[in-house]
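Student: Given only the sequences and the hints, what does the whole structure look like? Please build it.
Top to bottom, those sequences are chains R and U. First residue of the first sequence: 0, per numbering that gives the first Met the number 0; consecutive thereafter. First residue of the second sequence: 0, per numbering that gives the first Met the number 0; consecutive thereafter.
One should not assume that every hint holds.
[Stated by the list, open to error] According to the in silico footprint, chain R covers these stretches of chain U (three or more CB under 8 Å from chain R):
| no. | stretch |
| --- | --- |
| 1 | 11 to 17 |
| 2 | 20 to 26 |
[As the list claims (entries may be wrong)] For lysine-lysine, the following DSS-like pairs were computed, each having C-alpha atoms within a straight-line distance of at most 30 Å:
| no. | chain 1 | residue 1 | chain 2 | residue 2 |
| --- | --- | --- | --- | --- |
| 3 | R | K108 | R | K183 |
| 4 | U | K30 | R | K183 |
| 5 | R | K108 | U | K30 |
| 6 | R | K220 | R | K77 |
What the hints contain is simulated information worked out from the structure, not anything from laboratory work. Predicted model, so just to flag it, every value in this text is computed and none were measured. In this text, a Cβ means the ideal position worked out from N, Cα and C, and glycines have one as well.
As a plain string of letters, each chain reads:
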Amino acid sequence: MTEPARVTGAVPGRSHVWLWLALALLAGVYVRALAFTPVERVQGLAQKIFYIHVPSAWAAFLAFIVVSACSVGYLVLKDQRLDLIAASSAEVGVVFTSGVLLTGPIWAKPIWGAWWTWDARLTSTLFLWFIFFGYLVMRSAVGEPGQRARYSSVLGILGAPLVVFIHVSVTLFRTTHPQPVVLKPQGPTLPGEMLTTLLLSVAVFTVFYLALTARRYALAKAELARAQALAEGDHAA
Amino acid sequence: MPPDNGRFMIAAYVVLAVLYLGYTLYLLRRKT
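Tutor: Now the structure itself:
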């Protein structure tokens, strides 16, 4: 018997509930950051971009680490679900990296006096976006599912070291980008209220990442089931 | 006195809201 999802095209499951919940939490972060977090004395209001820029970067890195882990998993186990999770996570990661690349320059203009500078962290983040955008373009160009999963897995694994490089780039090179204020050996140097807002935002962006990836995965699975049902129908006809 | 750069903060928050809300609604509305 054909499942209703295959007939109506609706996405099964409760992924939409998690997405709405994540959006509500994200709205809460906006309120907390804009209205209930003190204004930084030197940078002024532009410093508040930090509370959405850093968590976006965290979510993007998490997304690409999941891509590489699932890619390794796919090459070992040949489980198609791992390929679909990797692809879903890559798309979500590209969206978050776009967020990083959009908010960074908006902060940089009033603080540095320039929208962009070709320093190590900015340039490597742009290249990270190129690699995973290329990953998505490649997936849409390769028709055979097994071949697509193998090529994607290799690219997904090769893209992951760039995440580590971006993280350490501010200590390896003399960059214009600010040094870490939380993840440092001597502990966070951010004042209490600002640190709370940042950690809250990181937690919410993690939930948002999980909700987006779960939804994208549910879509990918439903699309695959529909394509298989159509192929079986054609075969039977 | 902190510098007067609130318009950049608003621009960043609006741009990010449009991007993330847009992608979320795209995923919610998309059919297979």
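Student: Each of the hints needs a verdict: does it hold here or not?
Tutor: Do the hints match the structure? See the list:
Against chain R, the stretch 11 to 17 of chain U contributes 5 residues with a C-beta closer than 8 Å to a partner C-beta. That satisfies the three-residue criterion, and the hint holds. With a threshold of 8 Å between beta carbons, the proposed coverage of the stretch 20 to 26 of chain U by chain R holds, since 4 of its residues qualify and at least three are required. The hinted pair formed by K108/R and K183/R meets the criterion: a straight-line CA distance of about 26 Å does not exceed 30 Å. Distance restraint check for K30/U and K183/R: the Cα-Cα separation of roughly 45 Å exceeds the 30 Å cut-off, and the hinted pair is therefore not satisfied.
With a C-alpha separation of about 40 Å, the suggested pair K108/R and K30/U falls outside the 30 Å cut-off, and the hint is violated. Taking the CA atoms of K220/R and K77/R, the gap is about 16 Å. The hint holds against a cut of 30 Å.
Against the hints set out earlier in the document, violations occur for numbers 4, 5.
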